[in-house]
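Enquirer: Each chain is listed here by its residues.
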Amino acid sequence: MKYTSIIALPAICLLAMAGTACRDDEPELLRADEMMIYSKPSEQFDAVWRGINQNYVFWDVDSTDWDAVYAEYMPRFRALDERESVSSEELKELYTGATATLLDHHMSIMVCNLWGEGYERNQKIHINPAENELKQRPYYHRFDTYGVWEADDHLVNDLNISDYKSGEHGGTYYCTAVIDDHVLYFGFTNFTITELMNDAAAPEPQPDDYWDEDQYESDHNAWLAVQQTKDVVDTYIHNALDNPAITDVIIDLRSNTGGYLNDEYYVLGLFMDGPTLAGYTRHKSGIGRYDYSPWIPHTFYPYERTRQLPGKVVVLCDLYSVSMAEITSLLAKEMPNAVLMGERTYGGHGVLHGDFSEYYTGTFGSQDGPHFGYLCDRCTRTTDGTMLEGQGVTPDITLTYDYLDVYGGSKDTWLDRALQYIATGH
Amino acid sequence: MIKRLFIIMVMVAAAVGVRAQWSAGLMVGYDYNSYDYAKGYGYDLRYGGRSGLAMSVPVQYTINDWFALRADVAYLQKGHKMHRTGYHAGPTENVRDHYLHLPVQAQFSFGTDRVRGYLGLGGYVGYWLHSHRQGVDIINMGPWGTVEDNSESHWYYYDECVDFLSERDQRFDAGLVASLGVGYRITPCIEARAESVLHYSVIDTASGSNGNLAPRYNSTFSFQVGCIYYFTAK
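Protein chains in written order, with my numbering: chain A, 8 to 433; chain B, 301 to 534.
Keep in mind that the hints are not guaranteed to be accurate.
Distance ranges between label pairs, derived from CB positions [stated by the list, open to error]:
id : chain 1 : residue 1 : chain 2 : residue 2 : range
1  : B       : Y332      : A       : K131      : 47 to 57 Å
2  : B       : Y332      : A       : A86       : 30 to 40 Å
3  : B       : K381      : A       : V413      : 51 to 61 Å
4  : A       : D280      : B       : W455      : 19 to 29 Å
5  : B       : V359      : A       : D67       : 36 to 46 Å
6  : A       : T401      : B       : E460      : 47 to 57 Å
7  : A       : E96       : B       : H388      : 33 to 43 Å
8  : A       : D280      : B       : E460      : 21 to 31 Å
9  : A       : S46       : B       : D344      : 28 to 38 Å
10 : A       : E50       : B       : H388      : 39 to 49 Å
11 : B       : Y332      : A       : S94       : 53 to 63 Å
12 : A       : E175      : B       : H388      : 33 to 43 Å
13 : B       : W455      : A       : N205      : 19 to 29 Å
Under 10 Å between C-beta atoms, here's a sample of chain B residues computed to sit facing chain A [claimed, not checked]:
id : residue
14 : A338
15 : Y341
16 : Y387
17 : E460
Bear in mind the hints are in silico, worked out from the structure with no lab data behind them. All of these numbers come straight from a predicted model, not from anything done at the bench. In this text, a Cβ means the ideal position worked out from N, Cα and C, and glycines have one as well.
Please model the complete structure; the sequences and the hints are all you need to start from.
Expert: Below is the structure:
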């Protein structure tokens, strides 16, 4: 016992001290959107780098060495600290280089040039990493117009149509028509149908509720405009479900920039024969770079009534079909009577909710602040486990972009090709 | 000089060898893993420890009546629990990690021939064998496209093996070990023993590629009972 106490007790003390000294201390961790006050370009870069470091949801599939980016670019930003002013062009070049290889095709970074001279002072600089990848594609073309605008001219000027309706709400343009009495066309620029339906549910303004006649007239006209645009979607739904002459449908998602997941209810939800698995989503489950949730099924549910068309559902997509337009394109590939035509899409398959505290991921900073990072808070993969972020959805039938469709009058060769497929089956 | 050193070593070995004896055994019991994870700005994240099974096969070389060297092959179930609180309450997760440890201890003993107390101090190396998680998370899409309430249909239940990711997971483990136990010599060759062991890891379970974010450590306390067989009767 004597030897035990003489040797063991000091050894215990030594081990206890060694043990506590061997563990790393907790680092200072701030939320990315708490690092908003700084005075130097290097501090701004540090905040943006940390925001992406903490909030990015693609690290395990993205080949970018983000630590190496910090090591390479921080000295370059520190060199700017010593200067009296920094040009917006320099800042844009540095941030573009730092984010060039990031996979998230929704990502958009805004930094404010707090050190610019003259008109560049507080100028907002926007960086979109996806642009670098898009320009590498052999079929790359610039964005010229929305597919529904092209189709609109062609429908009205060249095709045999009936029940034509079009309208605009909240920046989204909708168009529907019946072609040759049996093909239903529906095109729109963004997935904001849910918002339209919610806004259209507002009660009609009544004159008795207003002191100001002009204000009443303004509000009533606005209400009427919403109802007219809602009528476009209602007409589409009515023809899809209740017009016995309709055998085929064309959904035009060319250059559609996406929007609400809910909207699928009103689009392909009319033709689903039941809940349809579109893929899986994953979000972050902690603050570690690779803390991810399991892959959670991403299921779309049918409309309150559905109809199985005897013919085909043709979905048109192009390089600038992104986000919800791509999810819809993927869903079309899961449906037995649907076909996807056009170009391989943008590659922005992530989901955004915009609430950082929901999953400790995604968007950080402020659009009105010195920096803003627009990131996905969930990533997706297909039913067979493939991640298409940065790649896009490959159509079943590839079409070539023809700029004359945009600038050569009212022609729309892609709409014609869809009609040809419906008529002939190839 | 070398010759003198050799003679001293032989004399020490001879003196020690008179009382040295090998023993081996089997210990089984319960463990509790404490998960030390500074969650930083994850204000509503709550992490807690988990209990599990502990087993070890100790091999002991008793040098004299108060000192022995002991090495074990030990299996430990570690892990942790996580749940969210506040506005985003609902998601929970239980993680089970399976480890193989090789602790080596200097063991000091005291007491009578029949009943002896043991105090062990040393270190271990280990390897993270397998990880499994089970929990519930929120489904992003409901029947109408949004999660409108907290009904059961909006929760996703999962139970899955976790694939290791070299960028995230540090599978090598090491740390300090301390034990305190008591043994009762049933027969000259067999001892029943009960002991508590602390495995204090000094290796972050997250690899260095994890973005320099908060480190995480395991501290595992086990209570085991078992038998030790002495190959030479006392």
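Enquirer: Identify every previously stated hint that the structure contradicts and give their numbers, smallest first.
Expert: 2, 6, 10
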